[in-house]
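**Q** Keeping their order, the protein sequence lines are chains A and B.
The first sequence begins at 1 in my numbering and counts up one residue at a time.
The second sequence begins at 1 in my numbering and counts up one residue at a time.
The hints are simulated quantities; they were obtained by calculation from the structure and are not laboratory data.
A few of these clues could be false.
What the simulated footprint calls covered on chain A by chain B, stretch by stretch (three residues with Cβ under 8 Å from a Cβ of chain B suffice, anywhere in the stretch; the number is not a length) [stated by the list, open to error]:
id: 1; stretch: 16-28
id: 2; stretch: 40-50
id: 3; stretch: 67-80
id: 4; stretch: 84-91
id: 5; stretch: 96-107
Mimicking SDA-like on lysine to any residue, the simulated pairs with C-alpha atoms at most 25 Å apart in a straight line are [unchecked claim]:
id: 6; chain 1: B; residue 1: LYS51; chain 2: A; residue 2: LEU86
id: 7; chain 1: B; residue 1: LYS51; chain 2: A; residue 2: LEU111
id: 8; chain 1: B; residue 1: LYS51; chain 2: A; residue 2: LEU137
id: 9; chain 1: B; residue 1: LYS22; chain 2: A; residue 2: LEU111
id: 10; chain 1: B; residue 1: LYS92; chain 2: B; residue 2: ALA27
id: 11; chain 1: B; residue 1: LYS92; chain 2: A; residue 2: ILE95
id: 12; chain 1: B; residue 1: LYS92; chain 2: A; residue 2: LEU137
Quick list of simulated restraints, FRET-style, between CB atoms [to be verified]:
id: 13; chain 1: B; residue 1: LYS22; chain 2: A; residue 2: TRP128; range: 38 to 44 Å
id: 14; chain 1: B; residue 1: LYS6; chain 2: A; residue 2: ILE91; range: 16 to 22 Å
id: 15; chain 1: B; residue 1: LEU80; chain 2: A; residue 2: ARG104; range: 18 to 24 Å
id: 16; chain 1: A; residue 1: LEU102; chain 2: B; residue 2: GLY40; range: 25 to 31 Å
id: 17; chain 1: B; residue 1: GLN59; chain 2: A; residue 2: GLY45; range: 49 to 55 Å
id: 18; chain 1: B; residue 1: GLU61; chain 2: A; residue 2: ILE76; range: 34 to 40 Å
id: 19; chain 1: A; residue 1: LEU80; chain 2: B; residue 2: ALA20; range: 34 to 40 Å
id: 20; chain 1: B; residue 1: ALA11; chain 2: A; residue 2: LEU30; range: 50 to 56 Å
Every residue gets a Cβ at the ideal spot worked out from N, C-alpha and C, and that includes glycine.
The residues making up each chain are set out below.
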Amino acid sequence: MNEPSSLFTSQLSGGAPEVAVTRHMLLRGLVAAPVLVLIAGFVWGADGAVSSAFGCALVMVNFALAAALISTTARISLALMMGAVLFGYLIRLGIIFAAVVLVRDMSWISLPALGCTIIVTHLGLLFWELRHVSASLAYPGLKPSSGGEASTSL
Amino acid sequence: MEALAKIVVKAAEAAADPAAAKNEAAAASAGFAYGLAAIGPGIGIGYIVGKAVEAMARQPEAAGMVRTTMFLGIAFTEALALIGFVVFILLKFA
Chain A
1 MNEPSSLFTS QLSGGAPEVA VTRHMLLRGL VAAPVLVLIA GFVWGADGAV
51 SSAFGCALVM VNFALAAALI STTARISLAL MMGAVLFGYL IRLGIIFAAV
101 VLVRDMSWIS LPALGCTIIV THLGLLFWEL RHVSASLAYP GLKPSSGGEA
151 STSL
Chain B
1 MEALAKIVVK AAEAAADPAA AKNEAAAASA GFAYGLAAIG PGIGIGYIVG
51 KAVEAMARQP EAAGMVRTTM FLGIAFTEAL ALIGFVVFIL LKFA
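This is chain A alone, in the form it adopts within the complex (with noise of 0.2 Å):
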């Protein structure tokens, strides 16, 4: 085992796989996302539809941010990555309040079908991505080329 290194110089240079993993996530939610659309088009309505697909576009951006942030702030600082993500936490909570405030009084906004589809299209999209990494993880001869792997420079 290393001694530990100060957590201020040290720096995540290489291949950032939160960026790698999240890109499956955002293909399997673009797969995923019309049949949500659907279902919640079958239960709702029109307004269910249109209310799903702005649940799933959120749900993919709030993915998309989680992973530019840390993978823009490790190649800084890990001390800068632990800051960034508790507050981007805080943040990318924020953003996702406001844009269902501003939206919430649309003529096409159907709250039980935004809310629903939020927590099926986040967790689905996380489970399905698991099985792809813990697969991965237990048996490395079979992962993909295009993940990649990061390096650390102390």
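With chain A's structure known, arrange chain B on it following the hints.
**A** Coordinates of chain B only, in the frame set by chain A:
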């Protein structure tokens, strides 16, 4: 004593207008639900990232795997906050 008087006044107002009292209670409950639901994930994310940074500083060669699992852990923890948020919007706006 003053606080007790305020509670009594509020109770009297609630008895006079049950619909307004219900709306007020729903708004307060929604705020509590969102606030409480955000505290736990905040602590959880701090813990996950702290341990991940410690692991990456100790074993830089495992940074890729640690970052991947850290990112998924953060996203799973954040799901709790999103569930609280959905409860909030359904209680407050629906």
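**Q** Hint by hint, note whether the structure agrees.
**A** Status of each hint after checking the structure:
Given as covered by chain B, the stretch 16-28 of chain A passes the check, having 5 residues with a CB less than 8 Å from a CB of that chain where 3 are the minimum. With 0 residues having a Cβ less than 8 Å from any Cβ of chain B, the stretch 40-50 of chain A misses the three-residue criterion, and the hint is violated. Counting residues of the stretch 67-80 of chain A whose C-beta sits closer than 8 Å to any C-beta of chain B gives 5, which meets the bar of three, so the coverage hint holds. Against chain B, the stretch 84-91 of chain A contributes 4 residues with a C-beta closer than 8 Å to a partner C-beta. That satisfies the three-residue criterion, and the hint holds.
Counting residues of the stretch 96-107 of chain A whose beta carbon lies closer than 8 Å to any beta carbon of chain B gives 4, which reaches the threshold of three, so the coverage claim holds. Of the supplied pair hints, the one linking LYS51(B) and LEU86(A) holds, its CA atoms being roughly 13 Å apart against a limit of 25 Å. Our distance criterion of 25 Å between C-alpha atoms is broken by LYS51(B) and LEU111(A), whose separation comes to about 37 Å. Using a Cα cut-off of 25 Å, the hinted pair LYS51(B) and LEU137(A) holds, with the two alpha carbons roughly 19 Å apart.
The suggested pairing of LYS22(B) with LEU111(A) holds, with an alpha-carbon distance near 20 Å, which does not exceed 25 Å. In summary, the hint linking LYS92(B) to ALA27(B) is supported, as the alpha carbons are separated by about 6 Å, within the 25 Å threshold. The straight-line distance between the Cα atoms of LYS92(B) and ILE95(A) is roughly 18 Å, inside the 25 Å bound, and the hint therefore holds. About 43 Å separates the Cα atoms of LYS92(B) and LEU137(A), which puts this hinted pair outside 25 Å; it is violated.
Separation of LYS22(B) from TRP128(A) is about 40 Å and conforms to the stated range, judged on CB atoms against 38 to 44 Å. In this structure the hint that LYS6(B) and ILE91(A) lie 16 to 22 Å apart at CB is violated, the actual value being about 36 Å. At about 22 Å, the CB distance of LEU80(B) to ARG104(A) agrees with the hint of 18 to 24 Å. Checked against the given bound of 25 to 31 Å, the beta carbons of LEU102(A) and GLY40(B), roughly 27 Å apart, stay inside it.
For the hinted restraint 49 to 55 Å between GLN59(B) and GLY45(A), the CB-CB distance of approximately 53 Å keeps it satisfied. For GLU61(B) and ILE76(A), the Cβ-Cβ distance of about 21 Å falls outside the hinted range of 34 to 40 Å, so the restraint is violated. Remark: the range hint 34 to 40 Å for LEU80(A) to ALA20(B) is contradicted by a beta-carbon distance near 48 Å. Judged by the Cβ atoms, the range 50 to 56 Å given for ALA11(B) and LEU30(A) holds: they are separated by roughly 53 Å.
Hints 2, 7, 12, 14, 18, 19 from the list above are not met by this structure, while the remaining hints are.
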